[in-house]
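Q: Put chain B on the given structure of chain A with help from the hints.
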Amino acid sequence: MAEWQAPPAFDEYVRTRHAGLLRFAHVLCGDPHLAADLVQDALERAGLAWRRIQRQDDPEGYVRRTIVNCFINHRRARRRERLVAEPPDRVEPPSPHRPADDEMWQLLATLPPQQRTVLVLRYYEDLSEAQIADILGCAIGTVKSNSSRAMAKLRTALGTPLESTEEGKR
Amino acid sequence: MNVEDRLRAVLADDELALPAWPDPVSRVHAGIARRRRWRRLVGSFLATALAIVTAGVVSTAVLSPAAPQPSPSPVSPTTGVVAWIDHPVGDEVLFPGPTARPSARPCTANDLPRTISVNQVGAMGHIYTQVTLENAGASRCTLAGSPRLIGTNTKTGARGAISTQHTDANPVESPLPAIVDPGEPAILFIVSGLACDGGLNTTTYRNVSLQIFGRSYPLDHDISTTCPLEMTDWVLNVAFEPPPTPDYAELIPTLDAPATVRIGEPFSFTVTLRNPTDKPIRLNPCPAYEVGVYKSATRLWLNCPVGGIPANGSLRFAMVFTATVLPPPEQQAYLTWQLIDYNLTTKEARIPVRVVP
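For the protein sequence lines, the chains are A and B, in the order given. Letter by letter, the first sequence follows residues 1 to 170 of my numbering. Letter by letter, the second sequence follows residues 1 to 357 of my numbering.
Chain A with its partners taken away, still in its complex shape:
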């Protein structure tokens, strides 16, 4: 039987965009291995649906949405696992990909996935609340509440007074 033929545009997309997607996924999930899995998964799905995606003229949006959804679903599954999980058998060595502000990076890891996702889409992707709501399939109010809760957590942990922040000035 005939093999699947990759559309040339898809190959070109994978070639040129995979590194950027890896970075986005890493920022999103904080784990380089999981980031690679998320990107691989999203690109495979995109390849199989490429014609439909191209028709929608937004392959990047599709792939990023897939990465976000897979990440949130993955974290939900992980949370279920934690209810019955045993203490870790082994400790992974710290990732070599750590930013200078390790304190903030570690704090991000403590946020629930929805909150972290909202912050990444807002402060890394520079998306509006409406765009974030569109990606997450939720109301703008949900984006706002997730964002404010996440920022409140960060401020509390960092001991930063509300008045000195962007949101506090509004």
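Source of the hints: derived by calculation from the structure; they are not laboratory data. Quick caveat: nothing in here was measured; it's all calculated off a predicted structure. Errors might be hidden in some of the hints.
Said to hold, decoys possible - Stretches of chain B that chain A covers, calculated by requiring three or more beta carbons in the stretch to come under 8 Å of a beta carbon on chain A: (1) 4 to 14; (2) 17 to 28; (3) 292 to 303.
Using N, Cα and C, we set each Cβ at its ideal position, and we do this for glycine too.
A: Below, chain B without anything else, positioned relative to chain A:
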């Protein structure tokens, strides 16, 4: 620096860039091929769903595509163009898979074999422990439900039932219920994974066994996971051969359409199907095609002539379509047209069109 600025700075830190893959295209292709191999194992999900609904009736006719039969004279004698028919593809199954069998008595302990076979395969960060069990009884029976999993948690040393969640994410994408004949295998999958939790919090179970109808079968495989353990239902282990690439995949379509179309207004165009081969290409059963402009698209059946497309010849087909979504002004829209094939091996025709309100 305030929290927002620190957040922006940390997210923009170049240390978070990951190394690019050495050969990303091959890597992704390999993954897609693996997905397609899974998919090919057993037919189409829709066929299964329909078959279950019609339980008790084995009828390939129910699942046959409702493709129109070729018409003796669809070609207009004046224009030489095959007339368009407004026959959308509805709920018909374009590519039927295997059909479910009539329901049978439930399997019991008397139908169980002495041993079961177990394999583990990895895919997409998951480990699939495949359990295969043959019907050792004298007649066809239905193996339903999920067995119990017993194992020893290496961390606590406790032995007992292992908690599993039911999953429909069977790697056999179109599973049929396990209505098994004597000697025939049924399979289920236990899905574990080491990708959850960043690979931490691994739970390992040793001496794992499966308990079915009070009998215990050792798996002879440890199960380690950082993800919640999942188990599928029993399904029939039937190999599914997808339909072969159709002859019409050789056809080369070209479009002749107006340069500008108005949103919401039907417009006419033609598709010329050229047969570059030395053999006529029959169109029986008739294929369906997908036509679209920007984000509007539809699937219809082709109006097929009895003789198909002659060797090294061509035939023009009249078409009608209505664009319903207006692209943004800077966006170049295309009219696209493609015959539908299970393997997506047919050639697509596309030409730019301007869509106006």
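Q: List in ascending order the numbers of the hints, as given earlier, that are violated by the structure.
A: When the structure is compared with the hints, none of them turns out to be violated.
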